[in-house]
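FYI, in this note's numbering the residues of the sequence shown are 259 to 392.
Keep in mind that the hints were calculated from the coordinates and are not lab data. It is possible that part of the hints are untrue.
Claimed, not checked - Pair ranges (Cβ atoms, derived):
no. : residue 1 : residue 2 : range
1   : R292      : K322      : 55 to 65 angstroms
2   : D338      : E314      : 34 to 44 angstroms
3   : A306      : S272      : 36 to 46 angstroms
4   : S323      : G285      : 35 to 45 angstroms
5   : F308      : L267      : 24 to 34 angstroms
6   : A339      : Q305      : 45 to 55 angstroms
7   : D319      : L283      : 24 to 34 angstroms
C-beta: ideal position from N, C-alpha, C; glycine also.
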Amino acid sequence: MFNIGWSELFVVASVAILVVGPKELPGMLRTFGRTITNMRRMAGEFQAQFKEALQESDLADAQKSIGNFSKFDPKTIVKDAVSDIVAPMNEAMDSANTAENKSNDSAKSVSVDDAVSVASQTSGSTKSIESKSS
């Protein structure tokens, strides 16, 4: 971890004994151990919080995906597709019905009297043709 060999460790221990003294060395080592333990605990808590944040972000992404699937409505998609196909057909049917109604209206606008007069003219001309041929 720190890449310290036995020789370096011996030098550090010798300097600590000379600086601190043999009486206070056990208390100093105890304090050093507690400090290292606290640092490890804080590092572990930081890692746990970091992992938790990652999991929450992954869960948020998963929840978004699930939300997108819950919004997925194949019925609406099919209705939209069918309406895109049916709309031009309905327009064509409407224009055909309009044309048919116009022709029916123009046929109805011819009055019955006009039809009778046309029929009488036709029958009169047929009589005159018969009399000429006799």
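Verification of the supplied hints:
Distance hint check for R292 and K322: the Cβ-Cβ separation is about 45 angstroms, which falls outside the suggested range of 55 to 65 angstroms. Evaluation of the 34 to 44 angstroms hint for D338 and E314 yields a pass: the beta carbon distance comes to about 36 angstroms. At about 39 angstroms, the CB distance of A306 to S272 agrees with the hint of 36 to 46 angstroms. Taking 35 to 45 angstroms as the suggested C-beta distance range, the pair S323 and G285 does not conform, at roughly 57 angstroms.
Checked against the hint of 24 to 34 angstroms, the C-beta distance between F308 and L267 comes to roughly 32 angstroms, which is consistent with it. Checking the proposed 45 to 55 angstroms range against A339 and Q305 shows it holds: the Cβ atoms sit about 51 angstroms from each other. Distance hint for D319 and L283: a CB-CB separation of about 54 angstroms, inconsistent with the stated range 24 to 34 angstroms.
Violated hints for the displayed structure, listed by number in ascending order: 1, 4, 7.
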